[in-house]
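Residue numbers (my numbering), protein chains in the order written: chain A, 1 to 548; chain C, 1001 to 1293.
Hints are computed from structural coordinates only; laboratory data are not their basis.
Any given hint could turn out to be false.
[Said to hold, decoys possible] Below, a list of computed lysine-lysine pairs in the DSS-like style, where the Cα atoms sit at most 30 Å apart: (1) Lys538(A) - Lys458(A); (2) Lys458(A) - Lys1240(C); (3) Lys1250(C) - Lys1206(C); (4) Lys1249(C) - Lys1206(C); (5) Lys131(A) - Lys269(A); (6) Lys1204(C) - Lys1250(C); (7) Lys222(A) - Lys205(A); (8) Lys269(A) - Lys222(A); (9) Lys1204(C) - Lys222(A); (10) Lys538(A) - Lys1131(C); (11) Lys1206(C) - Lys1240(C); (12) Lys222(A) - Lys1131(C).
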Amino acid sequence: MKALTICVPSKKAALEFPMNHAQHIARRLTFGLAWGLAIAGHAYADAPYDANEAWWQAGVPRVMPGRVEYADATGRVGVLNADGPFDTRGHAFFTPLGSNGRACVTCHQPANGMGLSVDSIRRRWEETGGKDPLFAAIDGSNCPTLPQAPRASHSLLLERGLIRVALPWPPRAPDGAVVPPEFTITVVSDPTGCNTDPLYGLSAKNPAISVYRRPRPVANMKYLLELPHGVPPSDFLFYNDKSLLPRNPETGAYVSLQLMSDGRDLTLKLQARDAGAGHLQVKAPLTERQLGQIESFERQVYAAQSVDAVAGELTAPGAPPGLGPEALHSGAPARLGNNPINRIFGSFAMWQQPAADARVGADLKAGADSQPGTDQSVQRARRESIARGADVFYLRRFLISDVGKYNDKGLGNPFKRSCGSGCHNTLLMGMDLAPGYMDLGLNNLPWANARPDLPLFKVVCESGAVPQSYLGRVMFTHDPGRALITGKCADVGASMTQQSRSLAARAPYFMNGSAANLRELVDFYDRRFNIGYTETEKQDLVNFLSVL
Amino acid sequence: MSRRARQPPSARLPLAGGLLAAAWLLQSGLPAVAAEPVAGTPLSFVACPVARDTGPDTDLCFFTEYDGHAYALVNPPDWGVPQLKHRVLVEGRVGSGPPVCGATPLDGRASVLTELDASCNVVMPFDGINKGVAGGVFNSGTPEQRAAAQDLARRAALDPRLSIQPAILDPPAPPPPAPPYEERTLVITYPFDSDRASGPDMVKLKALAVYARAAAARRVRVTGHRGDSRLSDGSDLAEKPPLAEARAKKVAGILQALGIDAAVTQVQWELEAPVGRGDEDWRNRRVEVTVSP
Chain A
1 MKALTICVPS KKAALEFPMN HAQHIARRLT FGLAWGLAIA GHAYADAPYD
51 ANEAWWQAGV PRVMPGRVEY ADATGRVGVL NADGPFDTRG HAFFTPLGSN
101 GRACVTCHQP ANGMGLSVDS IRRRWEETGG KDPLFAAIDG SNCPTLPQAP
151 RASHSLLLER GLIRVALPWP PRAPDGAVVP PEFTITVVSD PTGCNTDPLY
201 GLSAKNPAIS VYRRPRPVAN MKYLLELPHG VPPSDFLFYN DKSLLPRNPE
251 TGAYVSLQLM SDGRDLTLKL QARDAGAGHL QVKAPLTERQ LGQIESFERQ
301 VYAAQSVDAV AGELTAPGAP PGLGPEALHS GAPARLGNNP INRIFGSFAM
351 WQQPAADARV GADLKAGADS QPGTDQSVQR ARRESIARGA DVFYLRRFLI
401 SDVGKYNDKG LGNPFKRSCG SGCHNTLLMG MDLAPGYMDL GLNNLPWANA
451 RPDLPLFKVV CESGAVPQSY LGRVMFTHDP GRALITGKCA DVGASMTQQS
501 RSLAARAPYF MNGSAANLRE LVDFYDRRFN IGYTETEKQD LVNFLSVL
Chain C
1001 MSRRARQPPS ARLPLAGGLL AAAWLLQSGL PAVAAEPVAG TPLSFVACPV
1051 ARDTGPDTDL CFFTEYDGHA YALVNPPDWG VPQLKHRVLV EGRVGSGPPV
1101 CGATPLDGRA SVLTELDASC NVVMPFDGIN KGVAGGVFNS GTPEQRAAAQ
1151 DLARRAALDP RLSIQPAILD PPAPPPPAPP YEERTLVITY PFDSDRASGP
1201 DMVKLKALAV YARAAAARRV RVTGHRGDSR LSDGSDLAEK PPLAEARAKK
1251 VAGILQALGI DAAVTQVQWE LEAPVGRGDE DWRNRRVEVT VSP
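Just chain A, same shape as in the assembly (with noise of 0.2 Å):
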């Protein structure tokens, strides 16, 4: 009988745990080989971290591995640099660019799935009594104008993971024109003082409203950049209205929109240009060199849960053949996968009950069986709870409705779907592949949760305008999404659907961080759509979310 090993999530990220296989043994010699030959190439004697500090901070070198794990809330997230270790010493994503001494990375962190987990956040904050950059005033704090030492100057952002955002109003095209709004806003209530500041709020010289959003991840991109396949005419039109794509403007090439919440920047490179601007404050735009760097970088990295702490190791052979950062890598982009073989995630019939392993190949049975865990009996019910979540996360149907900009794109309210036939269904990604925004409810009242902690806005659209459609012209709304961008009233309280991947490692969740934790999220899809959700299927689907 092999010994089976607890994977224990510590402080500290370990990079290497106990596997019985010999593939994995050649992997992990095969990266660690080619990060030791890195690491001697470029003699990091002088470096003030030790390579396994999870917390990277900006401008201090160290090299970024080919493949890295982190531990997390469940086990450990990893992080697959797929064109190899290299040296960040004066790599635009990890070097500070502007005047504040943060760099891309700052918010992007491999330990937080290239995103960034409150628990991150607050630990940062303990180590450097809220010195580090990701605390600096401009968007690390509820509002500039705020006196920076008190922690409560920044309780957004380290009790929510929030990012100020400020956005200009009336909203600007890209070539600087005003897009005239198709509604009137005024602030109802300031928590942060910043909607009504003088220097930041509507009534400064420049105009702006400022709305508090959790970075999104960087990585997994391809799924995120390649125009959907299989659901024409969305590779050139929004589902929605039918109205064309916007393209890129160096290339002219329609663009997925799948990028930001907003969709204020269309691309990779337009977007750090934006960062650069706000959140780094750069005194000179970045550089096409930066920008390339960025970019690449970007481009090819890709994260995914790879150690469940009970379940054991999620890329093993027999294991769901969808988990880990390494078929995310080999995955095909922007693919539907709401359909009886795909169910998303792909199968995870090899952790079903027995019945149900019938339909799984032997020799594959038998590697799973063969992982490492923790006591067989809880390993098998952790396995079997995950199986079931994704059981749930595909088939378990439920009434969709009153959705603004999505059960008004053509499908019907109420429209009968599951979590992934419905909104989730881009294959191994969980995001919406046909482009489209929707106000879920996570902004606009009534559906959202209680947020005395954001700023509520009134919008009273134009008698002429296409009203919200399930709200209608009169609205109240912590953030007013896409509406800021297009000035539509119909767009009020509208995103874009979010990856699904690395979410044990990047708490809290929703664009403004009202979910504390995946049972908070499915809370609040019970509520939002009064599913009925049983008390094992709320589990088991946290389960099965905390493995992606």
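Start from chain A and add chain C according to the hints.
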């Protein structure tokens, strides 16, 4: 199918109660009113849609009630499924086929009206009778796509590693257009007060653009129309005046994005909407695209 007359709940049912009563009568297999709708009769009216659950693994369907009868609301794919919280403009002719969604079929269109109407909010639970048909990868798409999905399903059942290979492949590219090139016209119809065309119509538009390029078309004429709707009660619904222009310009913009030279594209729109006749008025709300080689 003959039906026996039975005392109706009312001659003309109040809406909410009428819907439920009509649904009950339909479930009971009995007629809702004494006067049967006659196949081919034009109907045009505005009413609340009702959603009906068709089973645990199938979609909802929609029907509505008019003059004591329930009528199914079925549109072409992606033309726009009815929505609760909104009334629908129904324009069609009474169909002659078997019941659809537990209601009399209508040949025509149902347009979702823009304005919010919270009173339209009835979902009928699954009654065990009106069962839906599940769609999916094995019975949609091209024959090549269906065959590929079936093959992958067989192999993935034995080797789950294959379950992350795409099951839905891109449809094969259509053969390139070949001479002789002749004049071709595509008619795109729209829901009331909308410039949103259906996905299938946009796929046809893309094919027409390919044809126009292959034919080196000397002219591509795009003509936008709007149309009023005469309701069966004699009243009229008028579309917003700019819609004819908006529809034409939107289609022309897409054609140019698909490689049609603006110099050969003639974009025009009708300033006046034809008066509705109360019979298939939905056909007036259209854009015509004519390619002249």
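| request: Could you tell me which of the numbered hints above are not met by this structure, giving the numbers in increasing order? | output: 1, 7 and 12
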